[in-house]
Structures are given as C-alpha cells and as structure tokens.
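**Student:** These protein sequence lines map, in sequence, to chains E and X.
Residues in the first sequence are numbered consecutively from 0, following numbering that gives the first Met the number 0.
Residues in the second sequence are numbered consecutively from 0, following numbering that gives the first Met the number 0.
Since the hints were made in silico from the structure, they are not lab data.
A couple of the hints might just be wrong.
[Stated by the list, open to error] Here are the computed lysine-lysine pairs in the PhoX-like style, where the Cα-Cα straight-line distance is at most 25 Å: (1) Lys156/E with Lys440/X; (2) Lys212/E with Lys403/X; (3) Lys403/X with Lys156/E; (4) Lys440/E with Lys426/X; (5) Lys156/X with Lys212/E; (6) Lys212/E with Lys212/X; (7) Lys440/X with Lys426/E; (8) Lys156/E with Lys317/E; (9) Lys212/X with Lys403/E; (10) Lys440/E with Lys156/X; (11) Lys156/X with Lys212/X.
2 protein chains.
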Amino acid sequence: MYSPVTPEVVSHLTQLVGDENISTRQSDLDLHSQDQSAHEAHAPDVIVWVENVAQVSRVLAYANEQRIPVTGWGAGSSLEGNPIALCGGILVSFEHMNKIIAIHADDFQVTVQPGLGYKDLNTQLASHGLFFAPDPGANASIGGMLANNAAGIRTVKYGATKDNVLRMQVVLADGRIVEAGSRSVKQSSGYDLVHLFIGSEGTLGLITEATLKLAPIAEHMSAAVACFERVDDAIQAVVAVRGSGTDPAALEFLDAFSVGSISESNDLDLAAKPTIFMEFHASHVGVLEGILNTVREICQEAGALNIKTTTNNAERLKLWHARHHAYETIVRRHPDQKFYISDVAVPISAYPELIAFIETYRSEHNITAYALGHAGDGNIHICTPFTADTYRSVYDMNTEVVEKAISLHGTATGEHGVGIGKSRFMKMEHGLALDVMHEVKQTLDPNWILNPGKIFP
Amino acid sequence: MYSPVTPEVVSHLTQLVGDENISTRQSDLDLHSQDQSAHEAHAPDVIVWVENVAQVSRVLAYANEQRIPVTGWGAGSSLEGNPIALCGGILVSFEHMNKIIAIHADDFQVTVQPGLGYKDLNTQLASHGLFFAPDPGANASIGGMLANNAAGIRTVKYGATKDNVLRMQVVLADGRIVEAGSRSVKQSSGYDLVHLFIGSEGTLGLITEATLKLAPIAEHMSAAVACFERVDDAIQAVVAVRGSGTDPAALEFLDAFSVGSISESNDLDLAAKPTIFMEFHASHVGVLEGILNTVREICQEAGALNIKTTTNNAERLKLWHARHHAYETIVRRHPDQKFYISDVAVPISAYPELIAFIETYRSEHNITAYALGHAGDGNIHICTPFTADTYRSVYDMNTEVVEKAISLHGTATGEHGVGIGKSRFMKMEHGLALDVMHEVKQTLDPNWILNPGKIFP
Chain E
0 MYSPVTPEVV SHLTQLVGDE NISTRQSDLD LHSQDQSAHE AHAPDVIVWV
50 ENVAQVSRVL AYANEQRIPV TGWGAGSSLE GNPIALCGGI LVSFEHMNKI
100 IAIHADDFQV TVQPGLGYKD LNTQLASHGL FFAPDPGANA SIGGMLANNA
150 AGIRTVKYGA TKDNVLRMQV VLADGRIVEA GSRSVKQSSG YDLVHLFIGS
200 EGTLGLITEA TLKLAPIAEH MSAAVACFER VDDAIQAVVA VRGSGTDPAA
250 LEFLDAFSVG SISESNDLDL AAKPTIFMEF HASHVGVLEG ILNTVREICQ
300 EAGALNIKTT TNNAERLKLW HARHHAYETI VRRHPDQKFY ISDVAVPISA
350 YPELIAFIET YRSEHNITAY ALGHAGDGNI HICTPFTADT YRSVYDMNTE
400 VVEKAISLHG TATGEHGVGI GKSRFMKMEH GLALDVMHEV KQTLDPNWIL
450 NPGKIFP
Chain X
0 MYSPVTPEVV SHLTQLVGDE NISTRQSDLD LHSQDQSAHE AHAPDVIVWV
50 ENVAQVSRVL AYANEQRIPV TGWGAGSSLE GNPIALCGGI LVSFEHMNKI
100 IAIHADDFQV TVQPGLGYKD LNTQLASHGL FFAPDPGANA SIGGMLANNA
150 AGIRTVKYGA TKDNVLRMQV VLADGRIVEA GSRSVKQSSG YDLVHLFIGS
200 EGTLGLITEA TLKLAPIAEH MSAAVACFER VDDAIQAVVA VRGSGTDPAA
250 LEFLDAFSVG SISESNDLDL AAKPTIFMEF HASHVGVLEG ILNTVREICQ
300 EAGALNIKTT TNNAERLKLW HARHHAYETI VRRHPDQKFY ISDVAVPISA
350 YPELIAFIET YRSEHNITAY ALGHAGDGNI HICTPFTADT YRSVYDMNTE
400 VVEKAISLHG TATGEHGVGI GKSRFMKMEH GLALDVMHEV KQTLDPNWIL
450 NPGKIFP
C-alpha cells in the first residue's frame, strides 16, 4: 500500500531540507520511535527536521505523490503512542521550529511555531504578566498539544488547548498551506477548521504555526486540600465547589493510594484517604479569603476529615509540587515496572460510579493501580505498573474502564487523544459519527499518508 | 439543478410529517421568508414543522433523493439572512421541537431540542441557579444559535455558543443521524465534529438535539459605566480592564451617537461621548467592591470624564436595560427607514483603528451610523438606517468596513454568521481554507441540498 523509503527518496528529501536536517542513523531513529506511553516502539525510516512551512509543504507534496507515510513529532511526551510512526516512512520533526513569532501583548495572544515547549513559552511570556494556560505536564510542544488537544490541571478554569487557539497555519497532505481561523477572538465566519485540525493527531494536516490565547497571570493564588473518608463525599464536595461561583483554577481528585504515595515521598502530612486538591486565582487577596471560607464550609458539609487552606505561596507550591509530580513519585515506587496510563472522562455526576467501578475492579482482580485526575472536569487517570506477566490483566482493566466511561455518557479519552490505544473504542463511542470522521479523512488525505494507524480502528 | 416542489412532493412530505405539520399557504410561506436582516425576502415552497428526529431524517433522505433544497428555521431572529430559503424548496421549522429533554443539574448541563428559545430555557433553569450564557438578543432559538455560532454581550466572560456545547445530534443531508461529542466536558476523542457543525449555518446538517454547558448564576453583580473624550482612551481602558484579572462579564463600547440616543430615550444622565459599559459577577459582594475600585483606577488613568459604578441591582438593571435595548431605541429614531447591521471583529489592539476608520468614513460620506458592540471581544456592530436612495452608500460602507477588519487580522463576521451578506468576503478572509470548506461541504452534502446560497460565494 505504501512505498518504501529508498535511497532515492532520502536523496530527494535531502534536497528539500538540506544535509544537516535529515537522518537515517539508527540512533536518531530509535530516539524518535516511542513517546512516553507503554506502546511498542516503531522507528520511522527517515527523520527530517523542518525549518519552515515551505519545507513542510514540499515534503508533504512529495510524500503524497510517492505514497510514503508521514508522522509529525513534537517533544515525544504524549501518552497514547500518538507520534509513533507505526507504518514507518518519514518522521517530520518540529524540534527546530521552536520560536515565538510575535507576542501580541495587548491582545493577550502569541503566535508561535509548533516545536516550542509550552513551559519555554511561559518562561518567555512571564515578563508580560501573561501565560498560556493548558498544562499537560512534561514540556509538551505546542504542536503536539494542538494535535492531541492536550489539557491538564488548570482546564477547569482556563479550558483545554482547543479553547485557547484562535488561528493556525496547517499544511495539508498534498502540500497546500492553509490559514484556519483569524486573530479575532470572536469568529463566526464559515466552517470551524481550527477545531477540525485540533485533536486530529496529525492525520488531517501538519500544524506549522498557531496563534494562542493567553491569560493574565493571577496576582494572588491560594490552595486548599481536603481529605474524606469516602470517595462519594469527596466528589460531592467537588460538585459543590464547582457550583459555588468560586471559579476554581484546579480541582483534582487523588485516591487513597496516590495520596499515600505522594505524602510519604514529599514529606507532607496527608492522610492516605480520598483527597481533593484545589487552587484559586484572584486579583485581590481579600477575594481569596472569601473563597477559602466558602470552600471550607462546603468541604465540612461534605464530611471532610481534614481541610488545609493557604494563601502562602511557599506552602501552596509545596502542596502542588507533590500533585504535579505525583506520576513520577508513583513510578519511582515501582522501579522495575512499566506503566499503563489510562485516561477517561465522564460527566461529573457519574464520577463516583466510575471511581467505585475502578476500586472494585482493582480489588477483585488484585491489581495495583493509582487513580488520580482532574475531577473538576470528570477526568481520571489510572496509573498501573505492569510486567510482561501482568500486562494482559492491566490491558483488560483499561478496556473495562473505558467501556464503563462510555456507558456513563463519557469518553474513551479526555486529554491524551486516541493514538494507538484508543482506536479500538472509536466505533463504540462514536457510532455513525466515526463514518463521518472517516469521510472527512478520505477527503483531506485521500492516500492516507498522514499518521496512518491512528484514530481509525 | 434542483427539482421543483410538485404536488406529489407535498403529498409525500405530508405522509412523512402528518397533515397538521405541513403548509403551502402563502401567509405561512411569507411569515418564513425573511429573518431580521435587511436582505430580500424569499419564500420557501413548502414548510414542514418537524416533531422528532425520525421525521427530520426521513424528510432529508427524501429531499436528497429528489434534489430539493432544505433550509432550517428556528426563530427567524438572525441578522444575515441565514435561514432565508434563497432557492425555495422545503423549509424545516423546528418551532415544535422546543422542549427541554433533561436538566443535568449536577453536571451544569441541559439537553434540549433546537426550537427552544434561549430566554425560555433560562426561565426554566432559574430555579436550579443555572443559566445558558450566550445571549444574542431577541429570543433566538438554540438551534439557530448553534447553526450561526451566536454570541452576545456576556461572551467576554462565558464564551460564544461554540464554547458552551458538548454534544449534538445532527441529521446529515442523506438522512443519517449522527451523535457528535459526548457529555464529558473534556473530550479528545477523534475529530471535533461538534465544532464542524456549529456555525455551519445548516449547510452540513440539521441539529436536532444538543447538550449545552450551563454556568451558575452569579450571586452578586455590579455595573460600571465610564465615558471618555476620545475613542482611543475608551479602548485603552477596555484593554486594561481585560488585563486586570477582574474578569468582566460584559465590556461594551458605544460611540457618541449611540450613547446620545439611548441616554435621551431612557432618561439616563449619560454624556454623548464614547462610553464603555461593564458588568462584573462574583460570589461575594466584597469581591465586587474590590473589582470596582480597580476599574475606577483604570478608567481614571485612561482619562475618563465620568465614571459611575453600582452594586445596586435596580440601578444596574436600568443602565443595562438601556444597552440591551439600544438597537430598538435607535430604530425608533428612524421610523421610516430600514436598518443595515454590520458585524465585524478584530484583535482588540486594532479596535481603535477600526473605530477611527468607521468614524472617518461616515463623516466623509455623510452617513448616519451608530457604532456599538462587544469591545471586550473586539466586536463592533454598525447600525445604519437607509432608504432605497441611500442603500448603495450604506452597502459600500459595509464593504469597506469588512475589508478593513480583514486587513486588521479580523473577521467578516464575529457573531452573525456568513448568511447572504458575507459570502462575498469569504475568499478574501479565508483564501485556500475556503477550498477546504468547499471540499468538506461536497463530501457531506454532495447534492448541495442544504441551505444553498449560503457561506460559499
């Protein structure tokens, strides 16, 4: 079906991008054969480090003509195998396209290249008092965040990546360069191509530039941590906080196993009980005091065993450091094992049922698993250590949890994307809508050269 | 190209929807021949009032087979001719599909039929302390708001319609019923079909059901009104307020003509000067005091001539009543004229240049025109009274203003949609992206039966 990457192909690509921007060395291929997921590595046949949109256009037009697969690569920090070149072919790395093109400070916007890490972006934006809010962790590239519609801890207030993008430059499979959207924050002008490309995981086009929405950095921040005897009580508090008008910037749930793990490793005095972590942002410190009073009342009413609140920055950062590094902390406790990361999301009213299902399943099947996630969004991750011997049982648990989430009117993936691991659930989740996605794909990439093997089963 | 609506067609449609749900009476056709725009009326050949998705599916499958145009109809309150049946054919009215299907209060969601008016929805939601935030005015139907991606005054805080929808049921041109999205607030599961259909103005499918995001009704609200000598000063204040972390729920600009008009008619003591109207929402009244202090400082620094602030509900409602009814007030001042409503949006940093362009143009061409709009979003409307004699000059002004907005990295339409009046700007605004939209249209509606004559030039 696809053509092989022959020496002639490599030679032609070298002409397109230059000697210094191409490699077929095994060490380079290996470094770009796997993301941070547990999916099997697969090396591309050749890597090109593109430097500008014209090169991307020429590479794609050529690959399309030759029927060679093309997969985009940002930072390799994704968690569902999204940039693994399953069918080999050309890996287009955006690592060299990592510049800020323009900061539009008065507009709370920035125009960037896709290879830029969001943490690096925020470092450069700090002096303007602005930041790009989605925070998936690691130092994900903007291009990867757009391709996977990444989200993170602060989504409950600031939205996911798709909520923070105004325009993009995209190169289609045939090399056409299109501009989707505009720098106007209000747009009602024809089909919303920006959102069609966001979350398409590089299967409809490669994003070469984006104008992002920025938020003002809050002048004052506070944190609150409350633990509960029962998951239901914790989730009752989550629902009440969301409805209270306190506008949380983060509203996280950690199960007892996760809290036990991070408390021990971070020298925090937290009980190993279902716990919610909250953060609030405000322009006046007085506002925060009012919010924390409301939150304390809500948590008490929900039966909290213990509530800590702080407007002290150092204390807040210490608490949140533990949450931000929960995954690494958990991984360190299981040094010789790989980790299976599950990502599902449901309407918040179904969250207790989903968590109860997970708890029952892992206990009945005797599986070690840590459940933690963005409760304010109904999003949960299950981090499960496994070995070759236990892989099948962990894989099966993921299947059961995803099917449960879908049955609760939720989704197979809240923020990691479909990638390799979730394509088998697409028909169940989307039904006939998957056919529509397939028709759109067929229209925009008729030779299926873009990131083959992803999204569609 | 299209088949006529013959007696046989009417007879077949009658079998599909029932005697009581179909009409070819001229009075009914006339009532559904025009929205609230100044575009020329055009009657459909037949109207069907659908009652459920199965009927919509059967009507579309039949129309597609017969090559008969189909245009959707909600409340007829749109402002760009969006539901005018330009090519005749079948008008599918959703006026009878106007029920709330389910209120998911804990999830801050509601599932509704498309014919429901958003004001009626909010009346029914009030007892839950929740509301659907987009507020385009009139009593627009939810289906129409989705189809046009309507927005309104509170978009600056709560987003446009597209930001407040989680899932939709859509009937495609061939009658297939698809479910796009899910009730999970976080979704990263395949192509974002929800946003593909939103704003497609009934040219890709007809929306038969939607699950909307709701917001908690703020416990406390305040208003602030500040007037300035110069437009630039007013916009400087707008930018500063947006960047202050005070999170305005409304941030409106009215030019001197508009303010003069509404002040006189509403017995308000406002100077006929460039003015900004602001609203703030908070869970504590103390929060509002802090916000109003910040806002007063910002406006003073920007050179405000006068600043009024209030946390009193009656005073706030009186001020905002004037803003909400500005259009009607202006229309009443020109009783024998029609109105041309222009809708463009630009990045906020370009707003002063856009407003200056409008002021210069109307003064040089001696055109009476009122400029007012959602400054926090860079969105402006120009309401221009016209007669048969002055139509051409008003049309030309609209052309110039739209081209200016596009040149400032803005858009031909911020919230009214493309409809009839803006299709001629699509190539200029979107370039090659318009070809992509065309390809998507061709794929999903190969016989071009859905709302022909809209969006594409």
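**Student:** Among the hints numbered above, which are violated by the structure, and what are their numbers in rising order?
**Tutor:** Result: hints 1, 3 and 10 break, sorted rising.
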